[in-house]
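Q: The chain contents come next:
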Amino acid sequence: MKTLTYTEALREALTEELARDPRVFLLGEDIGLYGGAFGVTRGLMHQFGAERVRDTPISEQGFVGAAVGAALAGSRPVVEIMFMDFITLAVDQLVNQAAKLRYVFGPQACCPLVLRTAGGGGRCYGPTHSQSLEAWFTHAPGLKVVAPATPADAKGLLKAAIRDDNPVVFMEHKLLYGTRGEVPDGADVTVPLGQARIARPGTDLTIIAWSWMASEAERAAEALAVQGISAEVVDLRTLVPLDIETVLTSVRKTHRVLIAHEACRTGGFGAEVGCRIFENAYDYLDAPLRRLAVPDVPLSASPVLEQAAMPDRHRIVQAAMELVGGEVNSER
Amino acid sequence: MLDWYRTMLVIRYFEEKVEKLFSDGVIRGTTHPAIGQEAVAVGVCSALRKGDYVTSTHRGHAHFMARGGDPNRMMAELFGKATGYSGGRGGSQLMADYATGFLGGNGITGGSIPVATGAALSAQLRGTGQVAVCFFGDGASNQGTFHESLNLAGIWKLPVVYVCENNLYAMSTPVHKTIVIPHIADRAGSYGFPGIVVDGNDLLAVRDTVRAACDRARGGEGPTLIECKTYRLSGHSRGDPRHYRTREEEALWRKGCAIKRFRAVLVKRGVLDAAKDREVKRQARAAVAAAVRFARQSPDPDPATLEQGVFA
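Residue numbers (this note's numbering), protein chains in the order written: chain V, 24 to 355; chain Y, 2 to 313.
If we strip away everything but chain V, and leave its shape as in the complex, we get (with noise of 0.2 Å):
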């Protein structure tokens, strides 16, 4: 075990895939001798050469496509994009081209792309900068989704989804990226993709967060711990595929479930998982399920009004209380 920041797992994972696969390329804006906006890819030009660590002009639905073509041609692209509001401009291209060759051409087409993205707010980004749209793409049969919370998982997904055959949307958090965490030495350890994580054991409720909100769940598991309460996280890791199993497990020994995440609330993934809740363990539930999430705005770029929208460790640990004590409010 060593301590690496977020980033350094995932540049790890990127530099263990290069290497031991010749296959495997990255390409997108300024991830070259920049180094990537967020500085994931820093190096990498230097030791791979600027044929596989390969800067793109600003073109997402462009260079998006090309990795696509590249990956039904036998390559396995990994394409960074910087911010993931930027995904908007590549949606064609993920969802009728990627996501349905499988389906339609069969075997023969084989997609294995990953696209990496920094989502998510906290960082005063404004409204085209911040945005959380994991969930447009669990509605597209064909893509996996993954948003890691931790280093060891976000190089062990990443590696995961590298050596997947299908196409992966892969969302990193901007406010993750310097979070610090240990991580398992050896160039084959991965965390498979599915599989969704205890980040903490628990009786008297059970939080269900991903990315940055698994990160802050398991702060407020801490706190609420100190009050007496014993909250379990679950950490979803991958929402497509999505591991119903472990939730639905933790949901029958608490009885208590609150649902917390970055994207606004209609639509965001938390009310398929609650949905998936009532559908199969509605009889064990012992008070309405609560959400935490965005409220249906964009993000401000103003600190106060970012902070206002954006559900915290704070929030959850009140959520949970009232969701233990019996006083449950409807809205966040």
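By construction, these hints were calculated from the structure, which means they are not laboratory data. Take these hints with a grain of salt, some might be off.
[Stated by the list, open to error] Every beta carbon over 12 Å from chain V, so not counted as near; a handful from chain Y, in silico: (1) M2; (2) W157; (3) A171; (4) P195; (5) I260; (6) L273; (7) E308.
[What the hints assert, rightly or not] Now the in silico label distances, taken between C-beta atoms and shown as ranges: (8) V:Y305 x Y:H244: 56 to 62 Å; (9) V:P326 x Y:T129: 50 to 56 Å; (10) V:P215 x Y:G128: 31 to 37 Å; (11) V:C298 x Y:D25: 43 to 49 Å; (12) V:G62 x Y:V311: 32 to 38 Å; (13) Y:G128 x V:R43: 18 to 24 Å.
Bear in mind the structure is a predicted one, so any value in this text is a computation, not a measurement. Think of the CB as a built atom: it goes at the ideal place given N, C-alpha and C, for glycine as much as any other residue.
Chain V is fixed; fit chain Y onto it per the hints.
A: The following block gives chain Y in isolation, referenced to the frame of chain V:
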């Protein structure tokens, strides 16, 4: 050369039969026939090597057949049958055969331009000497994918040949209303590689131009944009009343039909006479009739397979 002529005829008869089957309500959904554009498809594919990649469009039956697509499995796909290229999941626009490098048609106008560009990038990275050929229409040349992809190909000198089939209409909209310059090929100048205009109804001219472009691509000199001037003699899709153009204009293009012109070349070169012509036509009609029989007799896909194969 006789093979190319036969393929053009199979394409023509296939498309005519498909139009009929759609109007009779035998097959459902949508289809976009390439009647009149056969010389582009066959001319381009005749210039390619085994292993070269081809991406196609919503109007892709001709491209696929010219690249070796089996009319039986194509017709079965149009019938939505299990024996179709995509097992009934894709329909007219989405068939592929990776064994021949045919990466598939596309339901999104301009959607395949970056995909072909990426296949060329992979070929370049792997050093295989493969070329990617990208078919698209005049309408697609106004999509953002056109600009972004040709720019990428230009800066990276990718082994890709962009083949624009300018059939003068994007569905109903005439090209002069959407593009102010006379030739789409001239746009290549913006990306630093050659743009060539060719008579798209002249199979040999198309073939020669594409062959030179492929040589250039294989030699590491980068992409070429080839604009094939042609005409869609049929409507855009089934049920198109063609109010947007005159019957006189259509008659003029019918006179310059690509198949007629190639037949004249073959006769002039002594490759074809009237008896041989009848024989080739009979073979082509028989192939299409057999395809319809195959499709009719094929089983429907099993609904139990509905949720299978979403992921690798």
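Q: Starting from the hint 18 to 24 Å, judge whether the C-beta atoms of G128 of chain Y and R43 of chain V obey it.
A: holds, 20 Å
Q: Do P215 of chain V and G128 of chain Y keep their Cβ atoms within the hinted range of 31 to 37 Å?
A: Once the Cβ atoms are compared, 33 Å apart, the range 31 to 37 Å for G128 of chain Y and P215 of chain V holds.
Q: Does the claim that P195 of chain Y lies outside the interface with chain V hold up, using a Cβ gap greater than 12 Å?
A: holds, 20 Å
Q: Quick check for students: does the CB of E308 of chain Y sit more than 12 Å from each CB in chain V?
A: violated, 9 Å
Q: Indicate whether the distance between the beta carbons of P326 of chain V and T129 of chain Y respects the range 50 to 56 Å.
A: With a Cβ separation near 53 Å, P326 of chain V and T129 of chain Y satisfy 50 to 56 Å, so the hint holds.
Q: With d taken as the least Cβ-Cβ distance between L273 of chain Y and chain V, does d exceed 12 Å?
A: holds, 37 Å
Q: Taking the CB of G62 of chain V and the CB of V311 of chain Y, does the distance hold inside 32 to 38 Å?
A: holds, 35 Å
Q: Please check whether Y305 of chain V and H244 of chain Y have a Cβ separation lying inside 56 to 62 Å.
A: holds, 58 Å
Q: Since I260 of chain Y was said not to touch the interface, does its Cβ keep a gap of more than 12 Å from each Cβ of chain V?
A: About 30 Å separates I260 of chain Y from the closest Cβ of chain V, which puts it past 12 Å; holds.
Q: If I claimed the Cβ atoms of C298 of chain V and D25 of chain Y lie 43 to 49 Å apart, would that claim hold in this structure?
A: Roughly 44 Å apart at Cβ, these two residues keep to the hinted range, so it holds.
Q: Taking the closest pair, is the beta carbon of M2 of chain Y still more than 12 Å from chain V?
A: M2 of chain Y clear of chain V: closest Cβ-Cβ about 31 Å, beyond 12 Å.
Q: A171 of chain Y clear of chain V by more than 12 Å, beta carbon to beta carbon?
A: A171 of chain Y clear of chain V: closest Cβ-Cβ about 17 Å, beyond 12 Å.
Hint compliance for this structure: hints 2, 7 are not met, and every other hint is.
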